[in-house]
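**Student:** Going line by line, the protein sequences match chains A and B. To convert a position in the first sequence, counted from 1, into the numbering used here, add 81. To convert a position in the second sequence, counted from 1, into the numbering used here, add 441.
Treat the hints loosely; a few may be bogus.
Unchecked claim - With a straight-line Cα cutoff of 25 Å, these simulated DSS-like cross-link-like pairs (lysine-lysine) come out:
| no. | chain 1 | residue 1 | chain 2 | residue 2 |
| --- | --- | --- | --- | --- |
| 1 | A | 195 | A | 251 |
| 2 | A | 471 | B | 536 |
| 3 | A | 479 | B | 536 |
| 4 | A | 87 | A | 97 |
| 5 | A | 264 | A | 223 |
| 6 | A | 332 | A | 430 |
Derived by calculation from the structure, the hints in this document are not laboratory data.
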Amino acid sequence: MSILIKSGRVIDPANKIDAVLDILIEEDKISKVAKNIKAQADSIIDAADKIVAPGLIDMHVHLRQPGREDKETVATATAAATRGGVTTVLAMPNTNPAMDCLENAELLKKIIAKDARINVLICGTITKGRLGKELSAILELKKSGVCAISDDGCSVDSDELMFAALKEAKQAGVLTICHSEDKKISGNGVINLGFNSTRLGLRGISNESEYKRVARDIELAKKSGASVHIAHVSCRQSVEIIGKARKNGVKLTCETSPHYFSLTEDALLGYDTNMKMNPPLRSLEDLVAIKQGLKDGTIDTIASDHAPHTENEKDIEFERAEFGVVGLETELAVSITELINSKILDWSKLFEKFTSNPARILGIERGSLSQGGPADVAIVSGGKEWQVKKDELLSKSKNSAFLGRTLKGTVDYTICNGKIVYKR
Amino acid sequence: MSWVKKDLLGLEYLTKEEIELILDTADSFKEVSTREIKKVPALRGKTAVNLFYEPSTRTRVSFEVAAKRLSADVINIATETSSVRKGETLIDTGKNIQALKADMIIMRHNCSGAANMLARALDISVINAGDGWHEHPTQALLDMFTLKEKLGRIEGLNVTIVGDIAHSRVARSNIWGLTKLGANVTACAPEMLLPVAIEKMGVKTSSNIDEALKEADAVNVLRMQFERDEGAAFPQQLDYFKRFGITRERLAKAKKDIVVMHPGPINRGIEMSSDVADGANSVILDQVTNGIAVRMAVLFLVAQAREVKA
């Protein structure tokens with residue numbers, strides 16, 4: 082099986098390439114990247130006026146399997162991913178059972194082998210059952226191929242336990258991903274604390290509940306020397322604290338999600354539960370700081386925090402509805418729409434956030450178009466507009482914050498390991 | 442002007458003119474309750490459903506009386522005895538009521554935004570009879586109606602609202618309504634019961650009731666609920682009465698004709714002393730009477746709404 086991609090604007094941040102080139106894929110590898118490749122191929126894709134980039138890597142995705150197949154499955158989530166140009170996801174471990182031991186990871190691996198349409202990496206838990214009481218079998222998890230650990234959805238409250246986890250993670254050589262939230266501060270909050278929480282009569286979640294825990298996690302990262310990644314950064318103080326720590330040499334990376342630089346707390350004024358997520362949509366000041374963090378490099382990567390929920394869990398009273406939104410199918414387009422025209426990022430920097438940076442953070446040999454490397458490719462029409470329609474979402478759940486929105490940038494082809502897995 | 446909104450969800454969403462239209466309409470309905478036959482045929486053939494997810498006697502009865510004086514048919518659904526207990530969702534319940542060809546749902550719910558959600562899902566009218574901490578528009582409308590009746594105007598009045606502002610839908614609706622009509626509003630409460638950025642609603646804040654009463658033409662005293670699980674920082678009853686309770690001694694230092702309001706039910710000796718509740722400045726029972734006229738106006742206007750869906 083071979084594919085020849087002709088005349089596309091090849092953007093490969095890892096190799097510092099931004100030029101009109103052809104790409105030849107043979108079997109599951111990229112065999113050549115050059116001008117005017119003359120070769121026979123089983124299929125030829127004309128990519129003139131299109132961007133050809135490495136397949137996206139999304140390091141924050143909830144596949145919901147095993148345990149909540151009513152929300153999403155490996156099959157449906159990875160199908161959704163292909164529509165977003167995503168060829169690698171890191172599966173968050175808050176499944177049922179949670180990914181806290183070898184046995185459970187093996188169970189998920191079997192499902193992935195059978196159903197996944199793209200590369201799925203497994204994130205293990207930090208603590209058993211994500212209960213924050215007792216460490217998971219981190220070394221064992223590493224042996225089964227887990228490349229990161231996280232209690233996502235919860236933070237490990239105990240400083241001692243978190244420190245012990247980081248030491249073990251360092252020894253195992255896995256990344257620790259922090260859901261930095263102090264629930265003693267955020268309590269039963271449902272939206273950002275501020276004028277909107279006051280006028281809507283809803284309990285608020287302060288910036289403080291995030292950035293204080295970010296500061297704690299950074300302190301422990303420094304002390305332990307472990308690699309730490311802060312998930313879903315949403316507020317300005319977090320960006321500031323992370324930026325400072327990195328200047329001081331702490332081994333630290335972080336991500337944000339498209340909704341934090343495209344929507345503010347004002348999206349909540351109609352009590353739309355598709356705007357309810359944790360951390361919550363923040364103020365305009367925070368949004369500006371997130372954009373600045375992307376621009377100056379403080380924020381390494383954009384991840385969807387794809388969190389599918391059924392209509393039964395969303396189409397109810399606001400404070401009873403689940404937190405979270407789906408995002409695999411819209412993350413690239415939202416990022417293009419919000420960041421390119423406003424010159425926050427150029428194309429190369431934008432794809433860096435989605436490809437080479439997450440690959441580096443996760444320590445995987447993907448996210449580039451290097452010759453001989455895996456053939457994960459996204460072919461994108463950068464300027465083409467499309468409307469987000471509920472019925473067209475491939476995810477099993479439809480809780481998108483962008484329903485009805487017109488976005489820029491369509492994914493026309495997604496190629497994963499040399500196979501065309503999506504064609505618009 | 443004429444009324445176009447399908448629903449009444451809160452005073453934040455109304456213009457000054459719309460609020461005035463309700464108050465003027467209420468003025469013309471007030472007389473109906475003084476007749477020997479207290480009924481007009483305005484809503485004959487219409488069906489209003491009281492859907493109450495929280496216990497409430499006074500608001501439910503007031504709406505029921507209002508609807509009946511307009512000749513509407515009224516159905517009361519108490520959720521403890523309905524299929525809500527069998528796990529039916531709010532939207533399903535609403536759609537079933539709509540399928541019964543009811544014309545309007547009057548809903549009380551303990552979740553903020555519940556009325557907004559129901560209104561979006563239905564074609565029939567939704568009238569918010571109180572949702573969580575969010576809004577209780579008809580209470581604020583009847584408070585304003587009463588103020589206007591007693592003091593002749595709203596514009597320029599100094600109105601102090603005292604009590605648990607943070608958790609009060611009555612406070613929020615009053616603040617939106619009064620500020621839109623040009624009153625100067627002071628929200629008075631212990632610091633911890635003043636919600637974040639409340640000043641952005643156009644009010645002054647105070648934690649000193651004597652200060653807040655000095656220039657007040659009216660004081661609206663909120664019901665205090667001490668059973669909330671908001672942590673140990675919540676004030677104690679006795680301490681609250683000492684610091685914020687409306688007493689004859691406190692009123693003696695205020696304007697002589699200060700109007701004293703309370704949405705009821707009163708906790709005597711907690712937010713207000715008995716002599717004040719029953720005293721010459723109290724208009725608490727007038728509020729109850731005016732509630733009927735205001736709710737008649739709301740039901741009447743909403744029933745005539747030209748808008749199909751908000």
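**Student:** Would you mind marking each hint as holding or not holding in the structure?
**Tutor:** Evaluation of the provided hints:
{"no.": "1", "hint": "A:195 <-> A:251", "verdict": "32 Å, violated"}
{"no.": "2", "hint": "A:471 <-> B:536", "verdict": "22 Å, holds"}
{"no.": "3", "hint": "A:479 <-> B:536", "verdict": "22 Å, holds"}
{"no.": "4", "hint": "A:87 <-> A:97", "verdict": "19 Å, holds"}
{"no.": "5", "hint": "A:264 <-> A:223", "verdict": "29 Å, violated"}
{"no.": "6", "hint": "A:332 <-> A:430", "verdict": "21 Å, holds"}
Hints 1 and 5, counting from the list given before, are not met by this structure.
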